[in-house]
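Protein chains in written order, with the numbering used here: chain P, 73 to 399; chain W, 73 to 399; chain U, 73 to 399; chain E, 73 to 399.
Derived by calculation from the structure, the hints in this document are not laboratory data. Yeah, the Cβ is synthetic: ideal placement off N, Cα and C, and Gly gets one too. Some hints here could point you the wrong way.
To be verified - Quick partial rundown of chain P residues pointing at chain U, CB under 7 Å, derived from the structure:
(1) 153
(2) 156
(3) 291
Stated by the list, open to error - Simulated crosslink set (EDC-like; lysine to aspartate or glutamate; CA at most 16 Å straight-line):
(4) 214(U) to 349(W)
(5) 202(P) to 349(U)
(6) 176(E) to 155(E)
(7) 390(U) to 233(U)
(8) 214(P) to 155(E)
(9) 214(U) to 115(U)
(10) 202(W) to 211(E)
(11) 202(E) to 100(E)
(12) 139(E) to 100(E)
(13) 214(E) to 300(P)
(14) 266(P) to 115(U)
(15) 266(W) to 349(E)
(16) 214(E) to 349(P)
(17) 214(P) to 211(E)
(18) 202(E) to 159(W)
(19) 104(U) to 211(W)
(20) 202(U) to 349(P)
(21) 104(P) to 211(E)
(22) 266(U) to 230(P)
(23) 214(P) to 146(P)
(24) 390(W) to 300(W)
(25) 104(W) to 211(U)
There are 4 protein chains.
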Amino acid sequence: MPIPQHIFDPPFNIIRCSHAMLDVTDLDASRKFYETVIGLHVEDADGDTVYLRGFEEHQHHSLVLRKAATAACDRLGFKVGNDADLDKAAAFLAANKIEHAFAKVAFQGRTLQFTDPFGYRIELYAEMEKRPHLLRRYEMYKGCHPQRLDHFNVFAPEVQDTMEFYARLGFRLSEYAEEDGPDGRIAAAWMHRKGNVHDFALTNGRGPRLHHFAYWVPTAMNILHLCDVMASCGYLVNMERGPGRHGISNAFFLYVRDPDGHRLEIYTSDYNTMDHDHAPLRWSLRDPRRQTLWGAPAPRSWFEEGSEFPGQPLREPKFKADVIVAD
Amino acid sequence: MPIPQHIFDPPFNIIRCSHAMLDVTDLDASRKFYETVIGLHVEDADGDTVYLRGFEEHQHHSLVLRKAATAACDRLGFKVGNDADLDKAAAFLAANKIEHAFAKVAFQGRTLQFTDPFGYRIELYAEMEKRPHLLRRYEMYKGCHPQRLDHFNVFAPEVQDTMEFYARLGFRLSEYAEEDGPDGRIAAAWMHRKGNVHDFALTNGRGPRLHHFAYWVPTAMNILHLCDVMASCGYLVNMERGPGRHGISNAFFLYVRDPDGHRLEIYTSDYNTMDHDHAPLRWSLRDPRRQTLWGAPAPRSWFEEGSEFPGQPLREPKFKADVIVAD
Amino acid sequence: MPIPQHIFDPPFNIIRCSHAMLDVTDLDASRKFYETVIGLHVEDADGDTVYLRGFEEHQHHSLVLRKAATAACDRLGFKVGNDADLDKAAAFLAANKIEHAFAKVAFQGRTLQFTDPFGYRIELYAEMEKRPHLLRRYEMYKGCHPQRLDHFNVFAPEVQDTMEFYARLGFRLSEYAEEDGPDGRIAAAWMHRKGNVHDFALTNGRGPRLHHFAYWVPTAMNILHLCDVMASCGYLVNMERGPGRHGISNAFFLYVRDPDGHRLEIYTSDYNTMDHDHAPLRWSLRDPRRQTLWGAPAPRSWFEEGSEFPGQPLREPKFKADVIVAD
Amino acid sequence: MPIPQHIFDPPFNIIRCSHAMLDVTDLDASRKFYETVIGLHVEDADGDTVYLRGFEEHQHHSLVLRKAATAACDRLGFKVGNDADLDKAAAFLAANKIEHAFAKVAFQGRTLQFTDPFGYRIELYAEMEKRPHLLRRYEMYKGCHPQRLDHFNVFAPEVQDTMEFYARLGFRLSEYAEEDGPDGRIAAAWMHRKGNVHDFALTNGRGPRLHHFAYWVPTAMNILHLCDVMASCGYLVNMERGPGRHGISNAFFLYVRDPDGHRLEIYTSDYNTMDHDHAPLRWSLRDPRRQTLWGAPAPRSWFEEGSEFPGQPLREPKFKADVIVAD
């Protein structure tokens, strides 16, 4: 299937992925998990909401946990270049008949919320309250030393269409997995704005659902230590996959599940993609090194389970997720 | 079942495990694997034999590869304190009606060879030709930076009896896995002479067979890099298990298979056991963290396959290996 | 002194620093140093020139060594977005009466060469021959596993003016060191295009000279191993400073000198700066953690020695380099 | 000068170094340093004393901090094999006219205290209260993950005589630094009982004084992180030397000073020495790689400052410490 070309003059300028907003059913349990085990910094909290960030981040939050009756991925946040980009975005959405609204969001400037044509709930903003980064506050480091939110990965029933929509917004394709043959469908796509492998990735599957969000950590040693910690203090069942090396993105990874089952990837060592002539890397679905360079298979849950977006009905993918599972 | 008490005055003084002698069917392929991929230093080689050692070792060899029609573990070598210990060992073997003989072995001083009552082919020596260690020759480091042979692990059909025999030789129990209940049988035993977790370990299973031998490397990073290298140059199928953390011994491990299927563990981060009052650590067979702290199961091959000793008929274990597999 | 504001619409689009061209007096010695000790991949070589790159790089070369009678930094190369940017750049240079010329450069597309108003010899290009990256060819990794060229750092006699010139080209300031007080002069500036801490940094000192160029490596462990290797094989005197942690950029660093004295930084763990509202971080010249978070001082040579650009007369800085040395 | 031969049948059996007892002037400040920054586990504490241990240690304490008017090293503790060894030790001390006494020491069994002929205050014991080790309690790890006390290093005015005395007690020489020439004096000696590089090391200098005690950590990464933490939370001035690689012992090291100036080495990656025929490694005083493989010199304080033993008058060394400093 055709892969989209880079668009250098998108209708508005998204800089990068910025924050995830998760609905969680037990706020204390979730805070304990993200603060104590993973090691994110709690910047603010009240009885209903906890705001967290990584040690490199200047922004007020990159993860928002909200107390809710049902676990869900409420929204995925992206940062745009400046205030004018928000108006350009609103114009684009209007022109494309995508419902949208400016909302008042705590700690953020003007925030434009919309649900894309595929059911992903998105918000855009240009300004968030700043906090001094904690990069050199090593005495505060804990857990696996999470530095920054790196990307979102979603289950997409229509990978090709979704990829094309985001390509129109300026997202560039860095890697993709494709069926072999002249009509091979694209089963997964990794797209970025910020110049590394991904800000937003699409995986063939029942959706719209969040597959995972990822924090970047400095080295694999931080991930190995997290494994030891999780195994030692009652989170063994939360370790879903890894540690291991992806062929795709070259990342060293660990996938863990939070107390509500939201999936978090702890991630390091991908590569730079800011060149305008950076060519997307194609993987055959038949190449086993794509998912795990070292050969260990992912568990079935990794292919099947994800976090729904509130109010967004699920659709089955156009082709079988088992194509991937079978690899 | 009773565990043996430390014997502080054994009949002769074994210092540590010293070297493995493997029969291999394709000497070039084996040399390439151990020298280029694993990174051992080839100290000597002729058309029939290759002698290798780790970068910390002063001794001429800790691994001997011998060209043979059939893959096998020819012998496991242990070093004794001095020449007199060899005579004491011969006297002990004679008193216990264990056949033995002094043999001429290249690069070694007087060498006493015997097959123990359970079929393990052993040799003892006090002196081997010395070579300058390569510890500070960092420019020669390659592969996963293997430093020293650490231990042997064998399949034992009679774990309890074998453990008791080696306890009489002064081997101390550091950890063991046991069925629950008053008559619980010991399914695995880790025994040492040199003051860390093991020189010689016993695993319930069809035997006598070598389960694996292990080289110690400085850090987990060396092991992760080895995974990347093996996956990149055609040795993906040789990666059998890991990387991961054992509950037992606390080791970070990777198990790989050489071109003949001999199993090698790459290993780091165990602990010290030289205290006379060091109490053996008991693991219940029902504790899943025993085998892998992080929860990933070992493949079936890991429980079933091993290297036979020439001329030693195999016996089935007294109780089912499946007790372990079932964990 | 005033710091420049971000310019979002520069006259042409530089993506990132791309390659250094060094004149070396003993090509074999230099190749041995960069290929064997540092571990760069030699992509091409003839009797006069060696082309090298890091394991992540798709481009033909990021370091060019040219046999010459005198050691020098011939040129610093930057990549622009596309071919049209080269024409825009030529127009900008013409408008600013900066001499420039398109040159034929091996393995590169159209290449625009100029000497900036301060004496730095620069070249711009949009296309270079591509090579498959070696990121997943782990079996080829050697030395300290250099992944990519990260930045250039030059001695600048006029830091303020030079910084302002490059700000006009769209370079953004990430960090800077300044004298205290209302008229405090800027002694050093770190500027980037690609979204990390720097592509081009300016250090107060006799110039124009190259202070160093830097390659990024995955982890500090790669740098520690390089130290061991250099100390073991005759390059002890080439280790000039570190390993250590910079306050500035948070980088873990090692500075080494090549056989001609060209300075190379091996570097890891800085941070992202792609946000449009990323505020430059100010360091007081009196803050000792700026240069070395851990307190160890840099040697005098580090402040005084650098690589000249051919034909560019040296000027003394407007204020004493000793302000820095005295820290 | 002659180096002592291994004595395999010492008058009593010391297994290893066990614990240091330090007099500190501000118990809260010291506890904060060792517990929060270094990361030792506080096992017990009252208003006058704090007991700490590493995460691998089964014993109640390996560091005892006692509130005192004057900072000092009160005693160095060694563990013997069993209770009978204490009586043998008492007999040996009596025969050698060395004053000694059994003392009641909290948490320890029978404890034999003496001051050796050179002024080092020592205590021996066979049994200490046991505590479950914390090796697999990764959720409790903090600081630099100190695992176990590794060794003591003392300033000795009479290195040769002190070395010979401890050799009679069964300590084996692993490495030593010697003046060149036929009458070259030994300036430093590393001696062990437990089978690694040292339990007790002697450095030529004004003494008797403790130069440092050392804790072993798993990897260099733990040490680099400690550097970052100390630099970030007010302990920059406590970082005295390193991180770096010793030629001697091959250790990766960091030397820090506690709030009273007691010196602590954080240490990893030495090697095994349990072989009976392990030959001591000689270093010429003229070999600069001995102290620091990477070339960075130690500060003057490192050669001059140490912790006195209460009531033990200081003596100048027989030859100038400057021999070492001059290296």
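Checklist entry - Does the structure break any of the earlier hints, and which numbers would those be? => result Hints 2, 4, 8, 10, 11, 14, 16, 18, 22, 23 and 24 contradicted; others consistent.
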